[in-house]
Amino acid sequence: MSVDLEKILRPVDTPLPKFPAKYMTLANGQEMVVRQAERDEIPDILPHVEPLIHVERDFYNIVAARLYSELLAYYTYRVQDEYVLVAQIDGELAAIVNGRSVSPDVGMSYHTFSLRRGLRVGAHAFATKMEYHIDILKQKEVLIVAESGIGFRRWMIEYNLEKRFHIPHELGGCPSWSLTKELFDKARNTLVVGRRPVPEHLLEKAKAGILPPSDPPKGPEDLLAATRSMLDSTATSLIEMRRKQGGKIK
Amino acid sequence: MELNIYAYKCKRCGELHYPYKTICKKCGENDHNEFDIVPLPKNGKLLTFTTLYTLPSDYEVVTLALGIVELEDGNRITGQLDIKNPKIGMKVNGKVEVVRKDLYKKHLGMIFYKA
Amino acid sequence: MREVYVAGIGITSFSRLEYPLVEIAAYPGLMALRDAGLKKVDHLYVANMGGGRINGQTGLASAVVDHMSLTPAGAETIENGPASGASAIKQGYMAIASGMHDVVMVIGAERMREANPLEATDFVATLTHPQAEYIYGVTLPALAGMFTRLYMEKYGVTARHLAMVAVKNHKNAMDNFYAHLHEDITIEGILDSPEASTNNPYVADPLRFYDVCPVSDGGACLILTTAEVMKKINKPMIRLAGIGQATDTHCVHERKDPTELLAVREAAKQSFKMAGVKPSDVSVAELHDAFTILEIAESEEVGFFKKGEGHLALERGETQIGGKIPINPSGGLKAKGHPVGATGVGQAHEIVLQLRGEAGKRQVKNAKVGFTCNFGGFGNNVVCLTFIKE
Chain V
1 MSVDLEKILR
11 PVDTPLPKFP
21 AKYMTLANGQ
31 EMVVRQAERD
41 EIPDILPHVE
51 PLIHVERDFY
61 NIVAARLYSE
71 LLAYYTYRVQ
81 DEYVLVAQID
91 GELAAIVNGR
101 SVSPDVGMSY
111 HTFSLRRGLR
121 VGAHAFATKM
131 EYHIDILKQK
141 EVLIVAESGI
151 GFRRWMIEYN
161 LEKRFHIPHE
171 LGGCPSWSLT
181 KELFDKARNT
191 LVVGRRPVPE
201 HLLEKAKAGI
211 LPPSDPPKGP
221 EDLLAATRSM
231 LDSTATSLIE
241 MRRKQGGKIK
Chain X
1 MELNIYAYKC
11 KRCGELHYPY
21 KTICKKCGEN
31 DHNEFDIVPL
41 PKNGKLLTFT
51 TLYTLPSDYE
61 VVTLALGIVE
71 LEDGNRITGQ
81 LDIKNPKIGM
91 KVNGKVEVVR
101 KDLYKKHLGM
111 IFYKA
Chain R
1 MREVYVAGIG
11 ITSFSRLEYP
21 LVEIAAYPGL
31 MALRDAGLKK
41 VDHLYVANMG
51 GGRINGQTGL
61 ASAVVDHMSL
71 TPAGAETIEN
81 GPASGASAIK
91 QGYMAIASGM
101 HDVVMVIGAE
111 RMREANPLEA
121 TDFVATLTHP
131 QAEYIYGVTL
141 PALAGMFTRL
151 YMEKYGVTAR
161 HLAMVAVKNH
171 KNAMDNFYAH
181 LHEDITIEGI
191 LDSPEASTNN
201 PYVADPLRFY
211 DVCPVSDGGA
221 CLILTTAEVM
231 KKINKPMIRL
241 AGIGQATDTH
251 CVHERKDPTE
261 LLAVREAAKQ
271 SFKMAGVKPS
281 DVSVAELHDA
291 FTILEIAESE
301 EVGFFKKGEG
311 HLALERGETQ
321 IGGKIPINPS
331 GGLKAKGHPV
341 GATGVGQAHE
351 IVLQLRGEAG
361 KRQVKNAKVG
371 FTCNFGGFGN
381 NVVCLTFIKE
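Residue numbers (this note's numbering), protein chains in the order written: chain V, 1 to 250; chain X, 1 to 115; chain R, 1 to 390.
Among the clues, some could well be false.
[Claimed, not checked] Derived, one-sided and incomplete: chain R residues facing chain V with beta-carbon distance under 8 Å:
hint	residue
1	Thr198
2	Tyr210
3	Gly317
4	Gln320
[Claimed, not checked] Straight line, CA to CA, 25 Å or less: simulated DSS-like cross-link-like pairs of lysine-lysine:
hint	chain 1	residue 1	chain 2	residue 2
5	X	Lys45	X	Lys114
6	R	Lys40	R	Lys232
7	X	Lys25	R	Lys256
8	V	Lys22	V	Lys140
9	R	Lys365	R	Lys235
10	R	Lys307	R	Lys256
11	X	Lys26	X	Lys9
12	R	Lys154	X	Lys87
13	R	Lys306	R	Lys256
14	X	Lys106	X	Lys21
15	X	Lys45	R	Lys154
16	V	Lys163	V	Lys186
17	R	Lys365	R	Lys324
18	X	Lys45	X	Lys9
19	R	Lys256	X	Lys21
20	R	Lys269	R	Lys307
21	V	Lys186	X	Lys84
22	R	Lys154	X	Lys84
23	R	Lys256	X	Lys26
24	V	Lys181	V	Lys18
25	X	Lys84	X	Lys101
26	R	Lys154	X	Lys114
27	X	Lys87	R	Lys256
28	R	Lys306	R	Lys368
29	V	Lys218	R	Lys171
30	X	Lys87	X	Lys106
31	X	Lys11	R	Lys256
32	X	Lys91	R	Lys154
33	R	Lys278	R	Lys389
34	R	Lys171	R	Lys361
35	X	Lys101	V	Lys163
36	R	Lys269	X	Lys25
37	R	Lys389	R	Lys365
38	R	Lys324	R	Lys232
39	R	Lys256	X	Lys91
40	R	Lys256	X	Lys9
Keep in mind that the hints were calculated from the coordinates and are not lab data. Bear in mind that the values here come from a model prediction, so they are computed numbers and not experimental data. A virtual CB, placed ideally from N, CA and C, is assigned to each residue, including glycine.
Bound conformation, chain V alone (with noise of 0.2 Å):
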């Protein structure tokens, strides 16, 4: 062929400054590092994005099977200027943020992708990403959506975030909301920690392999429950009843 299709497809990355990995001790004493993923490490990374996909519980499912196509689009060069965190804690997998770089002024996050439940992962690994944005990538501001119900809470109460309904935000779905530097200035005392640089045995035992999450987020035990109930917000019964006409649950 004359032409190669690819270079039409793929877009061209603006040189973008990695970020510095830190360290964290959680509420346990155990150390989580979170550090840049490299495009190769994308492979190692979606086996364990892939089994939420089914999680019907928290949102885990829209959150794992977007989360999977940019980790795939950013994978095979399809999203300019996309970059992917990931916090480790002994090697396994605890958390997966990720966003892009939109202009030198404008971060847009993506997804903050907890797979360890509880002791402020999630929180800790959001921080992180707009630590990213501000600081490393010297950007004004980052616009932000949640999907859950988690993510509203944290952006709403712990950042007081400003709003920004006439940008559109590239995930769709609710007017965007923008975490400023000066917003972040004040957050940052209280909700931005880490410690540099990250000691060799944590960085070398993180980098060594994306360890699978040893106790990852499960489904509702009793799917069928889910059908009884009066509230039912993630409409676990919806999905359930479909599959039960589909005849694939006794």
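With the hints as your guide, set chains X and R onto chain V.
Below, chains X and R without anything else, positioned relative to chain V:
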């Protein structure tokens, strides 16, 4: 008009109640509404306080300072604080202002300032 | 009056349960029937606080009795705030002791996580005085925060003592399959590391995140019966020997000394007197640690330690499993969880397990006398129970 928070004084024994009770806690007077309405004083000292970070969802602020104040006459009252660095035992001065909005309803209560 | 014994017990996980409130109540009931080897009960008491408001389910007991096909047994819903559970046990006791019924099922059930956490906090805050506390934004954590500040000032309790309670109870909960939080937290992680203040942020200064119990769903059940029925079913003879209940002013600011929990003191005194034991006879206790400070304060008020010395006993490790008086071996409300209406029954469940010697890794050795303190409101309605192994 100066707004007040009212205490209820037993007509028989003079015991002050805040908040209202149907039967006097001291003498047991139980004729219906045998209380005089007396405004609570507004000066007092801070007995204890807290800054609350998880607020009921109808509040628009992020944190809320609350405290118990011992008033001049020895009565105590729970109220909101508008004081930068509160300390136990400090002198405070109260004003009756809006402490909570519930849709169209406004609730009045005592907010304390540094005296 | 007839003696009252525990024939059977059952419990669900105290975590987030995604099935209807009626089932949260019914499953532990089913487990307790199996445990006791019984098929029918004469009467049902169901402790619940938020069914009407959070789950849109009023008249819970009527729903549960039908759900378990126990009709036409009588059934009542008992609401006494966070002390609903122990209150329902008290009703069960009276029904049997009086001779009115022979087998009574007492269930506690709550499904708080159907609401979002802010609504759940607001729902519990409706326990406070509507005009003198609630309108100011006062919540239970706020009252506990103000209480803690006074306690620290007066008795020298520090943030480290509070953290020690949290760490102890979280550690105990690691061995409790039914506990809400299986997080083996450390002092380093929640107090000393540079990240500690972010891991463990303030909720109601000076109380922090790990000083406050989680919002849980859960159910627990006790089947109470007479000595006569006990002879037929071959279960360990655990006697509900003492019950005490007392109240205090609705507003915390009305108490003469707000650091004193007079209702706890009085309820415990009554309970011990009725059982004919002393605080020093107690081998294991479940105290209502909705906030870490409450475990310390209650351990003093019920008489395990002198007023103002609870935190010193904690330092010496006397409240750990293996210590002089192990407190909250189940993990307590702090780590086992706090489904408000079910909590009191859950505490009794743990004590019965301990007295039977069925508590597994968290078993307190030679447990003979067990005690529970179920604390409603901010100490304005307290029910204490004493159980004795015969």
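A quick look at each hint next to the structure:
Using the Cβ-Cβ criterion of 8 Å, the hint placing Thr198 of chain R at the interface with chain V is satisfied: the shortest such distance is roughly 5 Å. Among the interface hints, the one on Tyr210 of chain R holds; its C-beta lies about 7 Å from the nearest C-beta in chain V, closer than the 8 Å criterion. Nearest Cβ of chain V to the Cβ of Gly317 of chain R: about 19 Å, over the 8 Å cut. The hint is violated. The beta carbon of Gln320 of chain R is not positioned within 8 Å of any beta carbon in chain V (closest approach about 18 Å), and the interface hint is therefore violated.
For the hint pairing Lys45 of chain X with Lys114 of chain X, the CA-to-CA distance comes to about 10 Å; that is within 25 Å, so the pair holds. Taking the CA atoms of Lys40 of chain R and Lys232 of chain R, the gap is about 14 Å. The hint holds against a cut of 25 Å. The straight-line distance between the Cα atoms of Lys25 of chain X and Lys256 of chain R is roughly 13 Å, inside the 25 Å bound, and the hint therefore holds. With a C-alpha separation of about 22 Å, the suggested pairing of Lys22 of chain V with Lys140 of chain V holds against the 25 Å cut-off.
Distance check on the hinted pair: Lys365 of chain R and Lys235 of chain R sit about 19 Å apart at the alpha-carbon level, within 25 Å; holds. Our distance criterion of 25 Å between C-alpha atoms is met by Lys307 of chain R and Lys256 of chain R, whose separation comes to about 16 Å. A C-alpha spacing of about 11 Å is found between Lys26 of chain X and Lys9 of chain X, which places the hinted pair at or below 25 Å, so the restraint holds. For the proposed pair Lys154 of chain R and Lys87 of chain X, the alpha carbon gap of about 14 Å is at most 25 Å, so the pair holds.
With a C-alpha separation of about 19 Å, the suggested pair Lys306 of chain R and Lys256 of chain R falls inside the 25 Å cut-off, and the hint holds. Of the pairs offered as hints, the one joining Lys106 of chain X and Lys21 of chain X holds, with about 24 Å between alpha carbons and a cut-off of 25 Å not exceeded. Of the supplied pair hints, the one linking Lys45 of chain X and Lys154 of chain R holds, its CA atoms being roughly 17 Å apart against a limit of 25 Å. This hinted pair checks out: Lys163 of chain V and Lys186 of chain V have alpha carbons roughly 17 Å apart, not beyond 25 Å.
At most 25 Å may separate the alpha-carbon atoms for a hinted pair to count; Lys365 of chain R and Lys324 of chain R meet this at roughly 11 Å. Taken as a hint, the Lys45 of chain X and Lys9 of chain X pair is honoured in the structure, with Cα atoms around 22 Å apart against an allowance of 25 Å. For the suggested pair Lys256 of chain R and Lys21 of chain X, the alpha carbons sit about 17 Å apart, so the restraint of at most 25 Å is met. At roughly 15 Å between alpha-carbon atoms, Lys269 of chain R and Lys307 of chain R fall within 25 Å of each other, so this suggested pair holds.
For the proposed pair Lys186 of chain V and Lys84 of chain X, the alpha carbon gap of about 17 Å is at most 25 Å, so the pair holds. Of the supplied pair hints, the one linking Lys154 of chain R and Lys84 of chain X holds, its CA atoms being roughly 23 Å apart against a limit of 25 Å. With a C-alpha separation of about 14 Å, the suggested pair Lys256 of chain R and Lys26 of chain X falls inside the 25 Å cut-off, and the hint holds. Of the pairs offered as hints, the one joining Lys181 of chain V and Lys18 of chain V holds, with about 19 Å between alpha carbons and a cut-off of 25 Å not exceeded.
With a C-alpha separation of about 23 Å, the suggested pair Lys84 of chain X and Lys101 of chain X falls inside the 25 Å cut-off, and the hint holds. Proximity of Lys154 of chain R to Lys114 of chain X is assessed by CA-CA distance (about 23 Å); at most 25 Å being required, the pair is judged to hold. As the CA atoms of Lys87 of chain X and Lys256 of chain R are separated by approximately 20 Å, the hinted pair is consistent with the 25 Å bound. Pair hint Lys306 of chain R plus Lys368 of chain R holds up; C-alpha atoms about 23 Å apart against a cutoff of 25 Å.
The suggested pairing of Lys218 of chain V with Lys171 of chain R holds, with an alpha-carbon distance near 23 Å, which does not exceed 25 Å. Distance restraint check for Lys87 of chain X and Lys106 of chain X: the Cα-Cα separation of roughly 29 Å exceeds the 25 Å cut-off, and the hinted pair is therefore not satisfied. With a CA separation close to 23 Å, the supplied pair Lys11 of chain X and Lys256 of chain R stays within the 25 Å bound. Note on Lys91 of chain X and Lys154 of chain R: the hinted pairing holds, with a Cα-Cα distance of about 19 Å set against a maximum of 25 Å.
For the suggested pair Lys278 of chain R and Lys389 of chain R, the alpha carbons sit about 15 Å apart, so the restraint of at most 25 Å is met. Annotation: proposed proximity of Lys171 of chain R to Lys361 of chain R holds, straight-line Cα distance about 11 Å (limit 25 Å). For the hint pairing Lys101 of chain X with Lys163 of chain V, the CA-to-CA distance comes to about 23 Å; that is within 25 Å, so the pair holds. Of the pairs offered as hints, the one joining Lys269 of chain R and Lys25 of chain X holds, with about 23 Å between alpha carbons and a cut-off of 25 Å not exceeded.
Proximity of Lys389 of chain R to Lys365 of chain R is assessed by CA-CA distance (about 13 Å); at most 25 Å being required, the pair is judged to hold. For the hint linking Lys324 of chain R to Lys232 of chain R, the alpha-carbon distance of about 36 Å lies beyond 25 Å, and the restraint is violated. At most 25 Å may separate the alpha-carbon atoms for a hinted pair to count; Lys256 of chain R and Lys91 of chain X meet this at roughly 20 Å. For the proposed pair Lys256 of chain R and Lys9 of chain X, the alpha carbon gap of about 18 Å is at most 25 Å, so the pair holds.
Checked against the numbered hints above, the structure violates hints 3, 4, 30, 38; every other hint is satisfied.
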